[in-house]
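Colleague: Below, each chain spelled out in residue letters.
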Amino acid sequence: MSTDVMIYANGLTKRYGSFRALDDVSFEVRRGEVVGFLGPNGAGKSTTMRILTCFIAPTSGTAKVRGQDVFDDTLAVRSSLGYLPQRAPLYLEMTVYEYLRFAAQVRNIDSSTFKKRARNVVEVCGLAQSLSKEIRQLSHGYRQRVGLAQALIHDPPILILDEPTSDLDPNEKAEFLNYLKQIGKDRTVLLSTHNLKEVESACARAIIVSRGRVVADGALDEIRAKSGRVRYIVSVQESVGTSPYRGSGPLPKQSEVEAALGRLPGVKKVAELPTDERAHAYAIDGDDGQDIRADIFRLVADKGWVMLELHRDTQTLEDVFRQLTIGDERRNRQLGPVTESQSASDDEDEDEDEDESDDDDSDEEPAAAKRGKR
Amino acid sequence: MSSETRDQALEKDSKKKLLAAEEAAEKNRADRDSSRDTEDEEDEEDEEESNGSSKSTSADSVTTPAGEKAILNRPSSARMIWTLTKREISAYMSSAITYIVIAVTMVVFGLYFFFYKGGFWQVDRATMARMFDTIPPALCLLIALFTMRSLSDEKRVGTIELLITMPVKDSEVILGKFFGSLAVVTLAVFLLAAYPLVMFTRAPFWHLGELDWSPFWVGILGLFLLSAAGTAIGVMWSSFTESQILSFFATALTLIALYAVGSVTIVEFLQGWPGDAISFISLQSRFEPFSRGLLDSRAIIYFLSLTTLGLVVAFRSLESRKWS
Numbered sequence: 036m037s038t039d040v041m042i043y044a045n046g047l048t049k050r051y052g053s054f055r056a057l058d059d060v061s062f063e064v065r066r067g068e069v070v071g072f073l074g075p076n077g078a079g080k081s082t083t084m085r086i087l088t089c090f091i092a093p094t095s096g097t098a099k100v101r102g103q104d105v106f107d108d109t110l111a112v113r114s115s116l117g118y119l120p121q122r123a124p125l126y127l128e129m130t131v132y133e134y135l136r137f138a139a140q141v142r143n144i145d146s147s148t149f150k151k152r153a154r155n156v157v158e159v160c161g162l163a164q165s166l167s168k169e170i171r172q173l174s175h176g177y178r179q180r181v182g183l184a185q186a187l188i189h190d191p192p193i194l195i196l197d198e199p200t201s202d203l204d205p206n207e208k209a210e211f212l213n214y215l216k217q218i219g220k221d222r223t224v225l226l227s228t229h230n231l232k233e234v235e236s237a238c239a240r241a242i243i244v245s246r247g248r249v250v251a252d253g254a255l256d257e258i259r260a261k262s263g264r265v266r267y268i269v270s271v272q273e274s275v276g277t278s279p280y281r282g283s284g285p286l287p288k289q290s291e292v293e294a295a296l297g298r299l300p301g302v303k304k305v306a307e308l309p310t311d312e313r314a315h316a317y318a319i320d321g322d323d324g325q326d327i328r329a330d331i332f333r334l335v336a337d338k339g340w341v342m343l344e345l346h347r348d349t350q351t352l353e354d355v356f357r358q359l360t361i362g363d364e365r366r367n368r369q370l371g372p373v374t375e376s377q378s379a380s381d382d383e384d385e386d387e388d389e390d391e392s393d394d395d396d397s398d399e400e401p402a403a404a405k406r407g408k409r
Numbered sequence: 005m006s007s008e009t010r011d012q013a014l015e016k017d018s019k020k021k022l023l024a025a026e027e028a029a030e031k032n033r034a035d036r037d038s039s040r041d042t043e044d045e046e047d048e049e050d051e052e053e054s055n056g057s058s059k060s061t062s063a064d065s066v067t068t069p070a071g072e073k074a075i076l077n078r079p080s081s082a083r084m085i086w087t088l089t090k091r092e093i094s095a096y097m098s099s100a101i102t103y104i105v106i107a108v109t110m111v112v113f114g115l116y117f118f119f120y121k122g123g124f125w126q127v128d129r130a131t132m133a134r135m136f137d138t139i140p141p142a143l144c145l146l147i148a149l150f151t152m153r154s155l156s157d158e159k160r161v162g163t164i165e166l167l168i169t170m171p172v173k174d175s176e177v178i179l180g181k182f183f184g185s186l187a188v189v190t191l192a193v194f195l196l197a198a199y200p201l202v203m204f205t206r207a208p209f210w211h212l213g214e215l216d217w218s219p220f221w222v223g224i225l226g227l228f229l230l231s232a233a234g235t236a237i238g239v240m241w242s243s244f245t246e247s248q249i250l251s252f253f254a255t256a257l258t259l260i261a262l263y264a265v266g267s268v269t270i271v272e273f274l275q276g277w278p279g280d281a282i283s284f285i286s287l288q289s290r291f292e293p294f295s296r297g298l299l300d301s302r303a304i305i306y307f308l309s310l311t312t313l314g315l316v317v318a319f320r321s322l323e324s325r326k327w328s
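Residue numbers (the numbering used here), protein chains in the order written: chain A, 36 to 409; chain R, 5 to 328.
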């Protein structure tokens, strides 16, 4: 184990009866990393976090925080963590200030240090106006801020945040993410969320879990590259409208453009995107290896059409996320009796899941993603 | 050696000794009122001993592989329990219900005591003994009312997750909850002293003669011990369920059943050893000497054991979340 590993999980498994909430989850988080912990609802994000924060014990496997076992050195682990549980459960009858003071007392922070830290934390979390309010009077967004303040009050080296932005408005989210970048410089942060935009803006690395398993773990670029697909967005003028400029050729028909684009080398699939009557827009799936933007331009220019838009879109994190976790959703929507031969179908599904995560290049994948999008 | 290391050592050893520590802490508190016995000294010795033995083992875990010092930043157990207790008390005090319940209790207890079995004047003596016959069953309900939210509410709202992921031991959570509830119940019990103060002191109130205060205080001590046992049982029930209502009824039924099985009718009906056995575990027959102003050491031990039992079960139940 490297000396820089702050959070270490090895083979974490958690069973509730016959249900496996976590199945052999292993990962490491190093010092100074801000890691996004992604997954659909019920994938085991919170369970993992609860194990790391010593709230529950894993059925098997080990977890260490700063080299200390969560089971054997639980108090040491807990004192080096700042944790914000999902939905920030706080004591509603306390005022914000009382709550922070309580958290500080439990963390053994003397009152002068507390005042210093509190000033800082209150500024960061934007709580100055609500310090003397009872927590029950606060909106969910503000409660979440208090939860965050509570997690920061003892200046912990490691932060574990379970959906910290779920109740924040867009402005607050942006602010929070900025702040996260700041504190992420000298701290280790593990942050769970469904919001992929947040991960893209705040984290350099992501771990994706699905049905209790880690299905992807790596730098965002690596994860994005997993599918090996590139998408091009093209739109071509359909009618002149108010624009004084028109191309040299005749105005194209929808099918004409689609067929022409489909004939280009390296194009796998052309799909029409919804637009207004002035343009035809298409999403083109291409191979990762080559760039066909020049070919597309040449085609449009040769035909005398007017190109309104062309850009190359590498796979978004969202697409990868969908592909990797699609099995979850499909299973949830399955009809028919689930009780019968549950275990048998379990195994089957898991195999399928492995396929999905392992051979992302296979042709089945894009199809699966499309099916999910529909 | 730095205090950090010492804390660490304490923590290590306490895992094995959680139960012992819990009992000890509990006894320390409870014994403040009665005489201190040798148990305490033994406990202290135990602690010192284990400190020494675990120092060597904890020394290597103090440094992480990164070579930096581990943070073990938490107050001593006593201060932690005090912090939790304070929070608990302030939670009670911030709610108007608490004051209303205490006020209503005072009125109801007063009326009940004054008019019970033909009224206070029937006795024709300056004594409060009658009060201690009437109050315990009502106290059982009061205890159930005050303990029902203790852990149930934390579980329901989810605050328990935040609390437990702070560097707090489970035993400290239980003891904090226990002392917090006990403090409020005790407040209600001590306010009972208002009755004799009104009745037997001189102006501006009645003066019904000189009251012998000793039996009264012994009775109050009995009520306090009864409250401690009841509160422990209440905390225990509230640790089992997320529902306050369920916790209330479970506690109230348990306490009233424990109280009622000691009634003369039942004990005489069973006769012989079953009757003895049942009266041995009954709150009523255990409390009876106190109501007459007698300090019964067996009863004190009974109440303290019941308290410990309740707290240990609550502790185990809280701990069981890890494996559920």
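Just so you know, these hints were derived from the structure itself, not from any lab.
Keep in mind that the hints are not guaranteed to be accurate.
Unchecked claim - Here are the computed lysine-lysine pairs in the DSS-like style, where the Cα-Cα straight-line distance is at most 30 Å:
| id | chain 1 | residue 1 | chain 2 | residue 2 |
| --- | --- | --- | --- | --- |
| 1 | A | Lys168 | R | Lys121 |
| 2 | R | Lys90 | A | Lys208 |
| 3 | A | Lys168 | A | Lys151 |
| 4 | A | Lys150 | R | Lys121 |
| 5 | A | Lys232 | A | Lys220 |
| 6 | A | Lys151 | R | Lys90 |
Claimed, not checked - A short list of chain R residues far from chain A (calculated; beta carbon distances all over 12 Å):
| id | residue |
| --- | --- |
| 7 | Leu88 |
| 8 | Tyr96 |
| 9 | Gly162 |
| 10 | Leu167 |
| 11 | Pro171 |
| 12 | Thr190 |
| 13 | Leu274 |
| 14 | Ile285 |
| 15 | Ala303 |
| 16 | Ile305 |
| 17 | Trp327 |
Said to hold, decoys possible - Only some residues are given here: those of chain R computed to face chain A with a beta carbon under 8 Å:
| id | residue |
| --- | --- |
| 18 | Leu76 |
| 19 | Thr89 |
| 20 | Arg91 |
| 21 | Ser99 |
| 22 | Ile101 |
| 23 | Thr102 |
| 24 | Lys159 |
| 25 | Leu166 |
| 26 | Met170 |
| 27 | Leu195 |
| 28 | Ala197 |
| 29 | Arg320 |
| 30 | Ser321 |
| 31 | Ser324 |
Virtual Cβ for every residue (Gly too), placed ideally from N, Cα, C.
Colleague: Let's test the interface hint: is any C-beta of chain A closer than 8 Å to that of leucine 195 (chain R)?
Modeller: violated (23 Å)
Colleague: Was the hint right that threonine 89 (chain R) lines chain A, CB cutoff 8 Å?
Modeller: violated (12 Å)
Colleague: Regarding the assertion that leucine 167 (chain R) does not contact chain A, is the least Cβ-Cβ distance greater than 12 Å?
Modeller: The assertion about leucine 167 (chain R) is violated, with a minimum of 8 Å to chain A.
Colleague: When the nearest CB of chain A is found for serine 321 (chain R), is that gap smaller than 8 Å?
Modeller: At about 14 Å, which exceeds the 8 Å cut-off, the nearest Cβ of chain A leaves the hint on serine 321 (chain R) violated.
Colleague: Holds or violated: threonine 102 (chain R) as interface residue toward chain A, Cβ cutoff 8 Å?
Modeller: violated (11 Å)
Colleague: Grab the minimum beta-carbon distance between tyrosine 96 (chain R) and chain A and tell me whether it stays above 12 Å.
Modeller: violated (9 Å)
Colleague: Does lysine 121 (chain R) sit within 30 Å of lysine 168 (chain A), going by the straight-line distance between their CA atoms?
Modeller: violated (50 Å)
Colleague: Within 30 Å, alpha carbon to alpha carbon, are lysine 168 (chain A) and lysine 151 (chain A)?
Modeller: Distance of about 20 Å is within 30 Å: holds.
Colleague: Would you settle whether the hint for leucine 166 (chain R) is holds or violated, based on the nearest Cβ-Cβ distance to chain A being less than 8 Å?
Modeller: holds (6 Å)
Colleague: Is it true that the CA of lysine 90 (chain R) sits at most 30 Å from the CA of lysine 208 (chain A)?
Modeller: Violated. Lysine 90 (chain R) to lysine 208 (chain A) sits at ~35 Å, over the 30 Å cutoff.
Colleague: Is the Cβ of tryptophan 327 (chain R) farther than 12 Å from every Cβ of chain A?
Modeller: violated (6 Å)
Colleague: How about leucine 76 (chain R): closest beta carbon in chain A under 8 Å, or not?
Modeller: holds (5 Å)
Hint compliance for this structure: hints 1, 2, 4, 7, 8, 9, 10, 11, 17, 19, 22, 23, 24, 27, 28, 29, 30 and 31 are not met, and every other hint is.
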